[in-house]
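Chemist: Chain residues, written in single-letter form:
Number of protein chains: 2
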Amino acid sequence: MVNENQHTCSASSSSKSDGGSSSGSEGSKDSSRCSTPVLDAERHERLREKMRRRQDSGDKWFSLEFFPPRTASGAVNLTSRFDRMGAGGPLFIDVTWHPAGDPGSDKETSSMIIASTAVNYCGLETILHMTCCNQTKDEITGHLQKAKRLGLKNIMALRGDPAGEEWQEEVEGFNYAVDLVKHIRNEFDDYFDICVAGYPKGHPEAENYEADLRHLKEKVLAGADFIITQLFFRSETFLKFMKDCQAIGITCPIVPGIFPIQGYHSLRQLVRLSKLEVPQEIKDVIEPIKDNDAAIRNYGVELAVSMCRELLDSGMVHGLHFYTLNREVATTEVLKRLGMWTEDPRRPLPWAVSAHPKRRVEDVRPIFWASRPKSYIYRTQEWDDFPNGRWGNSSSPAFGELKDYYLFYLKSKSPREELLKMWGEELTSEESVFEVFTCYITGELNKNGHRVTCMPWNDDPLATETNLLKEQLEKVNRRGILTINSQPNINGKPSTDPIVGWGPSGGYVFQKAYLEFFTSSEIVTALLKVLKKYETRVNYHIVNVKGQNITNAPDLQPNAVTWGIFPGREIIQPTVVDPVSFLFWKDEAFALWIEQWAKLYEEESPSRMIIQYIHDNYYLVNLVDNDFPLENCLWQVVDDTFELLN
Amino acid sequence: MVNENQHTCSASSSSKSDGGSSSGSEGSKDSSRCSTPVLDAERHERLREKMRRRQDSGDKWFSLEFFPPRTASGAVNLTSRFDRMGAGGPLFIDVTWHPAGDPGSDKETSSMIIASTAVNYCGLETILHMTCCNQTKDEITGHLQKAKRLGLKNIMALRGDPAGEEWQEEVEGFNYAVDLVKHIRNEFDDYFDICVAGYPKGHPEAENYEADLRHLKEKVLAGADFIITQLFFRSETFLKFMKDCQAIGITCPIVPGIFPIQGYHSLRQLVRLSKLEVPQEIKDVIEPIKDNDAAIRNYGVELAVSMCRELLDSGMVHGLHFYTLNREVATTEVLKRLGMWTEDPRRPLPWAVSAHPKRRVEDVRPIFWASRPKSYIYRTQEWDDFPNGRWGNSSSPAFGELKDYYLFYLKSKSPREELLKMWGEELTSEESVFEVFTCYITGELNKNGHRVTCMPWNDDPLATETNLLKEQLEKVNRRGILTINSQPNINGKPSTDPIVGWGPSGGYVFQKAYLEFFTSSEIVTALLKVLKKYETRVNYHIVNVKGQNITNAPDLQPNAVTWGIFPGREIIQPTVVDPVSFLFWKDEAFALWIEQWAKLYEEESPSRMIIQYIHDNYYLVNLVDNDFPLENCLWQVVDDTFELLN
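Chains as they are written, first to last, in my numbering: chain A, 356 to 1001; chain B, 356 to 1001.
Honestly, I wouldn't trust all of these hints.
Once the Cα atoms are required to be at most 20 Å apart in a straight line, the calculated SDA-like pairs of lysine to any residue come out as [to be verified]:
no., chain 1, residue 1, chain 2, residue 2
1, B, K630, B, D516
2, A, K884, A, N904
3, B, K888, A, G861
4, A, K941, A, Y733
5, A, K645, A, L622
6, B, K405, A, P909
7, B, K901, B, T880
8, B, K492, B, D457
9, A, K887, B, S860
10, B, K848, A, E986
11, A, K462, A, F422
12, B, K776, B, L800
13, B, K887, B, L1000
14, B, K415, B, W696
15, A, K848, B, K848
16, B, K887, A, G861
17, B, K462, B, K503
18, A, K888, B, S860
19, A, K848, B, T491
20, B, K537, B, Q490
21, A, K598, A, E565
Far from chain B, by Cβ distances over 10 Å, these chain A residues were calculated [as the list claims (entries may be wrong)]:
no., residue
22, D414
23, T496
24, G515
25, R589
26, D648
27, M671
28, V708
29, G861
30, N894
31, V931
Pairwise CB distance ranges, derived in the manner of DEER restraints [unchecked claim]:
no., chain 1, residue 1, chain 2, residue 2, range
32, A, Q991, B, T697, 33 to 43 Å
33, A, K888, B, D414, 51 to 61 Å
34, B, Q500, A, Q991, 34 to 44 Å
35, B, D414, A, K884, 27 to 37 Å
FYI, nobody ran anything at the bench for these hints, they're computed from the structure. Backbone N, C-alpha and C define an ideal beta-carbon position, used for all residues, glycine too.
Could you build the full structure based on these sequences and the hints that come with them?
Modeler: As structure tokens, then:
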């Protein structure tokens, strides 16, 4: 008789143990259904469960530690570092708590906001550090409530450094990390995953090593889910510590903290702060090359790789935690050498999924923000609801005000001088603007010998996918069709395609051709005549800054322009052209002319007036070719338009 | 400057007048969006608006009148007549109110239930007649409330025939149709569209023609939306009546009631009831041929066609209402001759959409009920909600009990004797069952010379689409893979395709190959071995009557197996294989073996025991080939299974 237990949906109790349906987990939406774990549970599970699952499957992982930067432009840089390093597949990142930097505030550089950025805008599983000494219960509760509200789900509970030289216990206060752990569990039940610190050599202030182990066990008993250790210089140090922990009954995961030596001074500073001693054999190598940063880094990478290999080979270590010092090269290099950097060209959806618990179910977005995903998340953050995982009704209030336009993650990463070099120290006519767009597309140097690597609407160089359209894009930009977004049509490419693929393997992805551009009213007049010939095939929306709006979209319904068909799944349509949200995007798209470009120049200067003229008089146009199995007709539409104008 | 007003979404007031956004209409869901009418407004609008729009566009329409049958089997027949005549594209049908037949009851043959069947199960816009004399206010309110609950939105308000010979006005009661119109408007505001009767020759009981016109105007002033007339024999009669109505200020639509003469006796009876006089020239033709039904019908068709042409040519008539007498041939013939029978092979969705207001938004269904759509609607009728137009969460309660299994629209249309001829007077083995399935597929005569035109799971002959799979289906049924549902894979055929197309034109439709069958446990054992080779490509669900359930479906998510991509629209995925609803379908599918087949035979008879054995021991299997762009692999799966068994 046939009876395949592993496939049988018989009783809800049998599959409880595999972590897919933990009590109170947000993963199981339909309680009366079988408790089968969802396939892309990765996104839906708690950090401690992800860790356990990786341990069970033998799949090694890594994590990355960052500290909050001091300046707003440092924050902008760190955000793009999150994006780049996030692509390598860390299980999580963590952000340290800097008591001196107003860590719980709304400042662009606060620990809270940096961690929130990592979760919400970069889609990274994130741990926020939090220290407790010298703070009141209410202050701490306030921080935790704010963290929860911002979508943070994991806390690293630390004591922190006492204020004075000689620290005195406060009777009613938070004296140790264990007090913070207890407080989190008391006030927030099981909401947060809690991490605590372990000291492989013992905490410098502990009576002795054994006493420190006992303190660690207290933190675990109080509710910590796992341990990350302080850095160390020899694998034996960690392995002994781990055995000692196990010996006194600590069974939760213990993650070694790895510090790739990146320079002489950073090493010295860290050693001073942590009161660790650098082994003589390392000092012997470093001292002679202390002025050669590259040499020290190479040595540091070498050292880290071999120590990590020893740890992984021991069979006791399943994940590695890296102290990055906010730098990219050394850690990435170590991970690549270890074969743990798993950059996967495929994405779960064609855009970066936010890790905020409320936004997990989101599976549709308007195409307009394709190059400004953080702006989209920011502007829609006040939405209460993503009904049924859909991007929902754009007529709901919110959709963020542009008054907050200057928030750091909406700004360009490049400084003013660089932008001027790219976009022109001086503009002489509309045509000099056309030239900037054209150089951005072609990658050729501009008249002054600079490469245009970003535009107000695209902070990054041209996407690989857009490269497929390069030749046509160049031609039209030269003539004043100033493109800011486009995608080719795709008629069923495998979901594993390195350029256009996304979603689970075994599926097929599709696209309708899309083109979005600014252009003059003369061109729009001709374009509208041409579009009559393409009436049902091409949908268009044409708006100007005053809100004049010309469209042939049927009853303002969204038009799906990206979708995928996957084995055993419902259809996913992650990108749409939504007529209503286009009017919100229009505000942002026109504002970028002024905020990012015109304001580079003096008021009343000819350059500024040229940009202002374009802002005031041009139209923003989007076109969709609905007939995705045929050759993209949008280029023909544009050609016909130019012909009509001649 | 460009300014295309007809496309401009500027102010919500400008497009109010075109009927797409009437006050309180259910059509506009997002009040803060522009009030652009939805494209397939046909389904979303009120009858009076549909009528007005057809009049504006000059697109002539027709409607069909039926009366409730006397017997349950008559009701089953009428339901399939609704399906067939509905295919010709009537703007609405109406069902008369038979006071003698307990018209407001839950009987299979009541006016209320017949009208509700037309709306809910046949997806037809329907008017329920209602008479008011000899009834209390409460009785009438009760009927109207029930009608509303059942999804009826249109009432034909009539006086009805008084009980006694000599009718006396009741001071407080409902004496005239106008009282009923007022009552409906008082109690139900604008919920119902109201139709009233007009008498081109004047009501037989009216003082005179002019007084009757005044009564008609009163009914319109009281809130009637349009008028349908009593039958007449000359177009001049109607045209004069219409002018007279207009002259006294009746401006609502007036629809001529057309009676194609279908036989001598039915004409005489109608004339007697309506107190009309048949013109001498008609009598002269009919009397000599009164025993030749075919001749009379031909004459009736001829007469009706020429009268309808005169009416339409007058330019005053936009729609024609047909008194069908529950017959099909004459009315269909007239409509075809007039070029108004508009059978369109394309469907708005691949299944018949229910016209119940609550189910309008439904756009996904499980594939299992493909051949039993009425059963699906019946079993899910208690659902409160179709969230976002989706078929929603099958774990919600309801999903109709099978205890109501004997309801007439779940029964076979064929009588027992016919079923025995088709499915075998006597079965000798499981193989004789295989033979029945095979004959159904091939269309060949069975051993006793009868054609198998239906099966318990399919009340109609094989669908055109399934014909594409005929050869393979025959092969596997012969060997005991007893197929009850299947569809070929389709990789982007035009939505206008006559066989597989559906939805708006200019789109593309897709399908994953699907196969559903009963089979023995021996075959299932082999099949499961074979399926290991197809692990990600083929999804399967295998259940038996006891509920044993074997599947490789990821986390019990629905698998989309039919979808369409259309210009300017979101993606529509109208059919899914839903693992949870499959378990509900399983109950129905297994029950049909017993209820429809086994019970044809005596208890304890060998034939009955064979069917019972199959019911108790076979499995119900469904297979989906996820790789829709490749050649359907399901036949290979089945071939491999048979090979393994050999």
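Chemist: Against this structure, judge whether each hint is valid.
Modeler: Hints versus structure:
no., hint, in the structure
1, B:K630 <-> B:D516, "holds (13 Å)"
2, A:K884 <-> A:N904, "holds (16 Å)"
3, B:K888 <-> A:G861, "holds (15 Å)"
4, A:K941 <-> A:Y733, "holds (16 Å)"
5, A:K645 <-> A:L622, "holds (11 Å)"
6, B:K405 <-> A:P909, "holds (19 Å)"
7, B:K901 <-> B:T880, "holds (17 Å)"
8, B:K492 <-> B:D457, "holds (17 Å)"
9, A:K887 <-> B:S860, "holds (18 Å)"
10, B:K848 <-> A:E986, "holds (16 Å)"
11, A:K462 <-> A:F422, "holds (14 Å)"
12, B:K776 <-> B:L800, "holds (11 Å)"
13, B:K887 <-> B:L1000, "holds (16 Å)"
14, B:K415 <-> B:W696, "holds (11 Å)"
15, A:K848 <-> B:K848, "holds (17 Å)"
16, B:K887 <-> A:G861, "holds (16 Å)"
17, B:K462 <-> B:K503, "holds (17 Å)"
18, A:K888 <-> B:S860, "holds (17 Å)"
19, A:K848 <-> B:T491, "violated (67 Å)"
20, B:K537 <-> B:Q490, "holds (15 Å)"
21, A:K598 <-> A:E565, "holds (13 Å)"
22, D414, "holds (19 Å)"
23, T496, "holds (37 Å)"
24, G515, "holds (43 Å)"
25, R589, "holds (45 Å)"
26, D648, "holds (49 Å)"
27, M671, "holds (33 Å)"
28, V708, "holds (18 Å)"
29, G861, "violated (5 Å)"
30, N894, "violated (5 Å)"
31, V931, "violated (7 Å)"
32, A:Q991 <-> B:T697: 33 to 43 Å, "holds (35 Å)"
33, A:K888 <-> B:D414: 51 to 61 Å, "violated (26 Å)"
34, B:Q500 <-> A:Q991: 34 to 44 Å, "violated (59 Å)"
35, B:D414 <-> A:K884: 27 to 37 Å, "holds (29 Å)"
Violation of the numbered hints given earlier is confined to hints 19, 29, 30, 31, 33 and 34; the remaining hints are satisfied by the structure.
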